[in-house]
Amino acid sequence: EAQVTQNPRYLITVTGKKLTVTCSQNMNHEYMSWYRQDPGLGLRQIYYSMNVEVTDKGDVPEGYKVSRKEKRNFPLILESPSPNQTSLYFCASSSLRDPNYGYTFGSGTRLTVV
Amino acid sequence: EDKVVQSPLSLVVHEGDTVTLNCSYEVTNFRSLLWYKQEKKAPTFLFMLTSSGIEKKSGRLSSILDKKELFSILNITATQTGDSAIYLCAVEKQAGTALIFGKGTTLSVSS
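Residue numbers (the working numbering), protein chains in the order written: chain A, 382 to 495; chain B, 2 to 112.
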C-alpha cells in the first residue's frame, strides 16, 4: 500500500531533550516536507526537500533540523525542544513527475513538550 | 507576504444542503491550488487546480479556479454527515517548493 509513515504517533518529552520524528514513504517520491498544525494557525511548512541532499526552509524552520540522505526518508530533528513546539506534525510526499500530483500526508505525530 | 484566506471559517448545514467554500490567495510564483479534506488526522487530497475555468469533479464535490480574480471555490452538493470535516485550501508556489495553507473551513453537517 502506498503510504507515508510517521513515527511515533504520540510523544511526550521534556524541554531540552533531543528527539527525532521519522518519516518514510514507499512511493519513490522526490518531494517530501514537514508541517506543523496549531489551532487558529492552520498548517505551516517547516522544511521541504526536492530530492536527496536537497533541503530548504519553509515558513517556520526555527528550532528544527532535517536531513535527506535517502529518497524514502525525511526525519525531523528537534535538537532542544521547547514548549512552543508542542503541536501536531505532518510529513507529506509527492511525485514531481506526475502532472496531476497531490501531496500524500502521513497520519501525524502529536508532540507535547513539558 | 504570501497568504491564503479561506471563508467561512466554520459552517453548519443540514443534510442535503449545498455548500460553497471559498479560498482566495495572494501568492507569488503561483503554480497550483489544492483542496484537502481533514477528518480525524491526516489531510486527504481532493483536487489540484492549475488552469482557470476548468471545473474538476469527484462525485458530489467540484472545484474551480479563477486565476484572474485569485480565488477558488469548492462545492459540495447534497451534503451528508460524512462530509463533516475541515476543508483545507493550499497554494503551491513552484513544483516541489512551498505549500501555503489557509486556516481551513470547518464544515458540520447535521442529520
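Keep in mind that the hints were calculated from the coordinates and are not lab data.
Keep in mind that a hint or two might mislead.
What the hints assert, rightly or not - Taking CB as the label site, the calculated pair distances span: (1) B:Lys94 x A:Ala383: 34 to 40 Å; (2) B:Asn30 x A:Val435: 16 to 22 Å; (3) B:Phe46 x A:Val395: 21 to 27 Å; (4) B:Val13 x A:Ser448: 30 to 36 Å.
Stated by the list, open to error - Here are the computed lysine to any residue pairs in the SDA-like style, where the Cα-Cα straight-line distance is at most 25 Å: (5) B:Lys4 x A:Thr467; (6) B:Lys104 x B:Glu56; (7) A:Lys450 x A:Asp419; (8) B:Lys4 x B:Phe46; (9) B:Lys38 x A:Val441; (10) B:Lys38 x A:Lys450; (11) B:Lys104 x A:Lys450; (12) A:Lys446 x B:Glu56; (13) A:Lys438 x B:Glu56; (14) B:Lys94 x B:Gly60; (15) B:Lys41 x A:Gly483; (16) B:Lys94 x A:Arg390; (17) B:Lys68 x A:Asp440; (18) B:Lys68 x B:Lys42; (19) B:Lys38 x A:Val435; (20) B:Lys42 x A:Arg390; (21) B:Lys94 x A:Tyr391; (22) B:Lys104 x A:Val435; (23) B:Lys38 x A:Lys446; (24) A:Lys450 x A:Ser405; (25) B:Lys41 x B:Thr21; (26) B:Lys57 x B:Ile74; (27) B:Lys94 x A:Thr493; (28) B:Lys94 x A:Pro420; (29) B:Lys41 x A:Tyr482; (30) A:Lys450 x A:Val435; (31) A:Lys452 x A:Arg478; (32) B:Lys104 x A:Gly423; (33) B:Lys38 x A:Lys399; (34) A:Lys438 x B:Asn30; (35) A:Lys399 x A:Asp419; (36) A:Lys438 x B:Thr29; (37) B:Lys94 x B:Ser109; (38) B:Lys42 x A:Val435.
Ideal Cβ placement from N, Cα and C applies to all residues, glycine included.
Okay, the hints, checked on the actual structure:
For Lys94 of chain B and Ala383 of chain A, the hinted distance range of 34 to 40 Å is not satisfied, since their beta carbons lie about 25 Å from each other. Checked against the hint of 16 to 22 Å, the C-beta distance between Asn30 of chain B and Val435 of chain A comes to roughly 18 Å, which is consistent with it. Distance hint for Phe46 of chain B and Val395 of chain A: a CB-CB separation of about 36 Å, inconsistent with the stated range 21 to 27 Å. Checked against the given bound of 30 to 36 Å, the beta carbons of Val13 of chain B and Ser448 of chain A, roughly 44 Å apart, lie outside it.
For the hint linking Lys4 of chain B to Thr467 of chain A, the alpha-carbon distance of about 24 Å falls within 25 Å, and the restraint holds. As the CA atoms of Lys104 of chain B and Glu56 of chain B are separated by approximately 23 Å, the hinted pair is consistent with the 25 Å bound. Taking the CA atoms of Lys450 of chain A and Asp419 of chain A, the gap is about 29 Å. The hint is violated against a cut of 25 Å. For the hint pairing Lys4 of chain B with Phe46 of chain B, the CA-to-CA distance comes to about 20 Å; that is within 25 Å, so the pair holds.
A hinted pair counts as satisfied when its Cα atoms are at most 25 Å apart, and Lys38 of chain B with Val441 of chain A qualifies at roughly 23 Å. With a C-alpha separation of about 31 Å, the suggested pairing of Lys38 of chain B with Lys450 of chain A is violated against the 25 Å cut-off. Proposed proximity of Lys104 of chain B and Lys450 of chain A is contradicted: the alpha carbons are some 32 Å apart, above 25 Å. At most 25 Å may separate the alpha-carbon atoms for a hinted pair to count; Lys446 of chain A and Glu56 of chain B exceed this at roughly 39 Å.
Our distance criterion of 25 Å between C-alpha atoms is broken by Lys438 of chain A and Glu56 of chain B, whose separation comes to about 33 Å. Of the supplied pair hints, the one linking Lys94 of chain B and Gly60 of chain B is violated, its CA atoms being roughly 28 Å apart against a limit of 25 Å. Restraint check: the Cα-Cα separation between Lys41 of chain B and Gly483 of chain A comes to about 19 Å, which is no more than 25 Å; the hinted pair holds. At most 25 Å may separate the alpha-carbon atoms for a hinted pair to count; Lys94 of chain B and Arg390 of chain A exceed this at roughly 29 Å.
Among the hinted pairs, Lys68 of chain B with Asp440 of chain A is consistent with the structure: their alpha-carbon atoms are about 24 Å apart, no more than 25 Å. Using a Cα cut-off of 25 Å, the hinted pair Lys68 of chain B and Lys42 of chain B is violated, with the two alpha carbons roughly 30 Å apart. Restraint check: the Cα-Cα separation between Lys38 of chain B and Val435 of chain A comes to about 29 Å, which exceeds 25 Å; the hinted pair is violated. For the proposed pair Lys42 of chain B and Arg390 of chain A, the alpha carbon gap of about 11 Å is at most 25 Å, so the pair holds.
A distance of roughly 31 Å separates the Cα atoms of Lys94 of chain B and Tyr391 of chain A; the hinted pair therefore is violated under the 25 Å criterion. Restraint check for Lys104 of chain B and Val435 of chain A: the C-alpha separation of about 28 Å exceeds 25 Å, so the hint is violated. Simply put, Lys38 of chain B and Lys446 of chain A have alpha-carbon atoms about 28 Å apart, too far for the 25 Å limit, and the pair is violated. With a C-alpha separation of about 12 Å, the suggested pair Lys450 of chain A and Ser405 of chain A falls inside the 25 Å cut-off, and the hint holds.
About 22 Å separates the Cα atoms of Lys41 of chain B and Thr21 of chain B, which keeps this hinted pair within 25 Å; it holds. For the proposed pair Lys57 of chain B and Ile74 of chain B, the alpha carbon gap of about 11 Å is at most 25 Å, so the pair holds. This hinted pair does not check out: Lys94 of chain B and Thr493 of chain A have alpha carbons roughly 31 Å apart, beyond 25 Å. As the CA atoms of Lys94 of chain B and Pro420 of chain A are separated by approximately 24 Å, the hinted pair is consistent with the 25 Å bound.
Between the alpha carbons of Lys41 of chain B and Tyr482 of chain A the distance comes to roughly 23 Å, so the proposed pair stays at or under 25 Å and holds. Between Lys450 of chain A and Val435 of chain A the CA atoms are separated by roughly 9 Å; this keeps the pair inside 25 Å, and the hint holds. Taking the CA atoms of Lys452 of chain A and Arg478 of chain A, the gap is about 15 Å. The hint holds against a cut of 25 Å. Our distance criterion of 25 Å between C-alpha atoms is met by Lys104 of chain B and Gly423 of chain A, whose separation comes to about 4 Å.
Between the alpha carbons of Lys38 of chain B and Lys399 of chain A the distance comes to roughly 33 Å, so the proposed pair goes past 25 Å and is violated. A distance of roughly 17 Å separates the Cα atoms of Lys438 of chain A and Asn30 of chain B; the hinted pair therefore holds under the 25 Å criterion. Pair hint Lys399 of chain A plus Asp419 of chain A holds up; C-alpha atoms about 21 Å apart against a cutoff of 25 Å. A C-alpha spacing of about 17 Å is found between Lys438 of chain A and Thr29 of chain B, which places the hinted pair at or below 25 Å, so the restraint holds.
For the hint linking Lys94 of chain B to Ser109 of chain B, the alpha-carbon distance of about 30 Å lies beyond 25 Å, and the restraint is violated. At roughly 28 Å between alpha-carbon atoms, Lys42 of chain B and Val435 of chain A are farther apart than 25 Å, so this suggested pair is violated.
The structure fails to meet hints 1, 3, 4, 7, 10, 11, 12, 13, 14, 16, 18, 19, 21, 22, 23, 27, 33, 37 and 38 from the earlier list, while all remaining hints are met.
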